Amino acid sequence: MKLNTFIDNTKNGIVRLPDITKSFLRNSLAGYLFSALSLRDALVYIKYWILTWAAIVKFMGQGLFKIGPAGLIRALINNPWILILIRVNGLANRLVRGRTGMYHDSICMTVHTVALGVLEQLRNMLFDPKRLVIFEDLVPYDIGRAMGLKCYLLELMGIALPLIKTEATLQYIDEAENSGMNPDACSLPKATVGMVLKGHMPRGVAIVSSNMPCDAGAASYAVIQRTYDIPIYRLDAPYNFYNERAEKLFSRDVMGMITWLEENTPGRMDWERMREICRGRNRMLELENELWEMTRVRPAPLACAAVWLSHLWHFNVSAGHPVSIRHYEKLIKMARRNFENKIPATNNEKYRAVLWNPPFLHFVDIFNWAERTYGVTLLNDSMTYNHHGPIDTTSPETMLRDWGKTIMQGPMVRHTRGPAENYLDDIFRMVKQFDLDMVWVANHVGCKGGQAMNGILREQCRARGIPLLILDYDLSDPRIVSHDNMLRQVDFFMENVMKAPRLN
Amino acid sequence: MATPGKTMKVFEELLENPQNRLVEQAAQEGRIPIGYSCSFVPEALLMADKLFPVRLHATGLAGTEIADNYLSSFVCSYARSLLEFEMDGRFDFLQGSVFVPSCNHMQRLYDNLVYLKKSDFSHILDVPRKVNEDTLIWMAEELKTIADKLTARFGVDLSDESLRKAMARWNDFAGVIQSIGELRKKPYPPITGAEFHQIVMAALASPKDLILPYILDLKKELKAREGIKKYRARLMVVGGHLHDPEFIKIIESQGGLVVADRFCTGTIPGFKTIELNGGSPYKTLAEHTFAKTLCPRMMEDFDRRLNIIIDTVNEYKVDGVVLEIIKFCDLWGVDSMPLVTALREKGIPVLKLEREYRLGSEGQLRTRVQAFIESMGK
Chain A
9 MKLNTFIDNT KNGIVRLPDI TKSFLRNSLA GYLFSALSLR DALVYIKYWI LTWAAIVKFM
69 GQGLFKIGPA GLIRALINNP WILILIRVNG LANRLVRGRT GMYHDSICMT VHTVALGVLE
129 QLRNMLFDPK RLVIFEDLVP YDIGRAMGLK CYLLELMGIA LPLIKTEATL QYIDEAENSG
189 MNPDACSLPK ATVGMVLKGH MPRGVAIVSS NMPCDAGAAS YAVIQRTYDI PIYRLDAPYN
249 FYNERAEKLF SRDVMGMITW LEENTPGRMD WERMREICRG RNRMLELENE LWEMTRVRPA
309 PLACAAVWLS HLWHFNVSAG HPVSIRHYEK LIKMARRNFE NKIPATNNEK YRAVLWNPPF
369 LHFVDIFNWA ERTYGVTLLN DSMTYNHHGP IDTTSPETML RDWGKTIMQG PMVRHTRGPA
429 ENYLDDIFRM VKQFDLDMVW VANHVGCKGG QAMNGILREQ CRARGIPLLI LDYDLSDPRI
489 VSHDNMLRQV DFFMENVMKA PRLN
Chain B
3 MATPGKTMKV FEELLENPQN RLVEQAAQEG RIPIGYSCSF VPEALLMADK LFPVRLHATG
63 LAGTEIADNY LSSFVCSYAR SLLEFEMDGR FDFLQGSVFV PSCNHMQRLY DNLVYLKKSD
123 FSHILDVPRK VNEDTLIWMA EELKTIADKL TARFGVDLSD ESLRKAMARW NDFAGVIQSI
183 GELRKKPYPP ITGAEFHQIV MAALASPKDL ILPYILDLKK ELKAREGIKK YRARLMVVGG
243 HLHDPEFIKI IESQGGLVVA DRFCTGTIPG FKTIELNGGS PYKTLAEHTF AKTLCPRMME
303 DFDRRLNIII DTVNEYKVDG VVLEIIKFCD LWGVDSMPLV TALREKGIPV LKLEREYRLG
363 SEGQLRTRVQ AFIESMGK
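The listed protein sequences derive, respectively, from chains A and B. Under the working numbering, the first residue of the first sequence carries the number 9, and numbering increases by one thereafter. Under the working numbering, the first residue of the second sequence carries the number 3, and numbering increases by one thereafter.
One or more hints might be untrue.
Below, in silico cross-link-like pairs of lysine to aspartate or glutamate (EDC-like), each with a Cα-Cα straight-line distance of 20 Å or less [what the hints assert, rightly or not]: (1) B:Lys251 - B:Glu15; (2) B:Lys132 - A:Glu255; (3) B:Lys120 - A:Glu429; (4) B:Lys348 - A:Asp237.
To be clear, the hints were calculated from the coordinates, so they are not data collected in a lab. Since the model is a prediction, treat every value here as computed from it, not as a measurement.
I would like the entire structure built from these sequences, with the hints used as guidance.
Structure, rendered in structure tokens:
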């Protein structure tokens, strides 16, 4: 290396030092301890920190035993993103900043149970590839699990990685674009396709995809299927689905999927197991509804990541799983304790907000900032919110019908199909249900369907007197709209529309 | 290249405005114009009794200022253009419209149209995204629903018999268009790609029976025409909505002769005739619709799309494929990725062009086509 280069590199390193230190303090245990609001909080945080690390070490140990040291090293080389997941405690660190008591604990617990779930995914992916079936993100595993299959959600890492490390999926987005995918497509399918093209994803023996939620997501499976060259089944949810005819069509489609899986994988349908999973899902739904009932009251006993991250993981990936049911039971217990003792999640709940569209994956702690800076408390979001009924577990037919309804009427699916009312009515229902002061729209530039509703939404909110923030960003790519820019958009909204002074 | 005859001028004129003189003539005769935006709407259904279909197009559009406010500038410019035309009152002559949630953009276009401009008759046809026995029944039911609504609203006769007659009329018409299209297989076709597209677009935008005499005149004219010998490469255009024949004219100005069209408003396989089998006309129409439409929204259709392109390349002796995609179209944008790879693997040169609905960046288009033809060694 030339001397000049060495000097330049050293200079650059020194210039970056404040940023590196800041990042270290934001993500490390030491950094957390500096900022913990109480000794009790610190102890709870350390408990979950240790538990998560213990789970990681256990997974590594199992890996060594099941696939051997060489296999484990090969797995890490083929899937280098696994190393990013190790930083999961950093996510907890960022999400609990400025929070205390049960609110703080619930977020620690949520991140921990999500970490356990991710490790379970890695086990599925690495330890039993012959039974591994790839599922698209809006087709939950329930049926795969009932069939005794190992399931893997292909979009999972496109969602999980930016939560942990902002830039984690950029190389995959670039890979997809460089291979010819349209740069204006949603960055989640781009990241997924990029990971597949780079060979950083498990292959599996079969794929189950669907027409949900959007064009780019559905179309990306043409690329994925051709790359993997394995059989694929595609579920097709009708455009108009709030009717018996659509329910019948979709339930026949789901039955077709089961038959197809039996023909193309070692899985066999076990309706008793399916019944257990559905019952578990129903129990979680019941618990979640109880949580929402409590959060309707001002000030809310729990909010933000405890609500949205719990749903995002436990309902979409492991609904009905004992770990997920236990998670919700504990969560409700914590919420109830706060609720009964009239302890608010945050003392600064000045504005109650809902987030429409998926959360800001690469900047999830924006709500910690908004909470501390303006007293904006996030109560719910479009990915979490639903109002479908429980699954009737009487017979396989009723389970198929209601499970299908759960999917079609699930978040994102019902918002991206059917008339505009499917999209708008939920927002206004939430405003009423949660006594909201404002609506935030996460205006993901790659989501054309959402973009095309902004005009109507703006006028409808104006007519109803609901303050609306349309926050431009990209789901997984901070190069499109930077974090600073996102903060400024919130600042402008709070200052100019809400006339809200900063709390500090 | 051949000099455009008088008949070609007629087609050109018919495309200047959605409310062209043939549409006006039909309306004055008491017939009912129904607009539609997607190839998944079977034209034959809208040709029954007094109905006639008008393919929604916005040629000559100046800008999309109002539409951008509602749909955002990140939405496909075809959807935005239609909304702009609607807001300008350019589609006011239509007595009804049928849309398809063919993609997120068209779905939201429909939502915005319903919100911004209440129409007496506006229907969205729920077309499945895969074809099997169940979805064929579903599609047939969807077509029956729309037929019932049309009957209730306009008092038109959409009985099975009336529909069969309409399908027969469609077959006659499509047969004429196909016979002209067949001429393009010749080593020296008598018609350019731009001219052919002009005819097809004019036919889609006008009552079929009223435009047919002009098309038959042209067919006669073509028989007397000398074939085009001066071209460098035979090209096929593939993609989504392409309405403005000027786009093809520019490609041809660089020496590429467009001999085959596999896009939404093209004839391969868009002008397929309907196999009349005496069964339920709705089922027949449903089967026909799925067979004649090749769109990346159909999740299980990739191989069929690819094979039809390859077969067409062989049949029409195509040297290279121009893949045109409207910017922000996720379906074509994503699908083009494996499509380009698969075609190149078969040794077919491909030029992928991203464009706006409205013709623009002509200089860039010329340069890219020129470079493409040169890259083929032509």
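Non-conforming hints, listed in increasing numerical order: When the structure is compared with the hints, none of them turns out to be violated.
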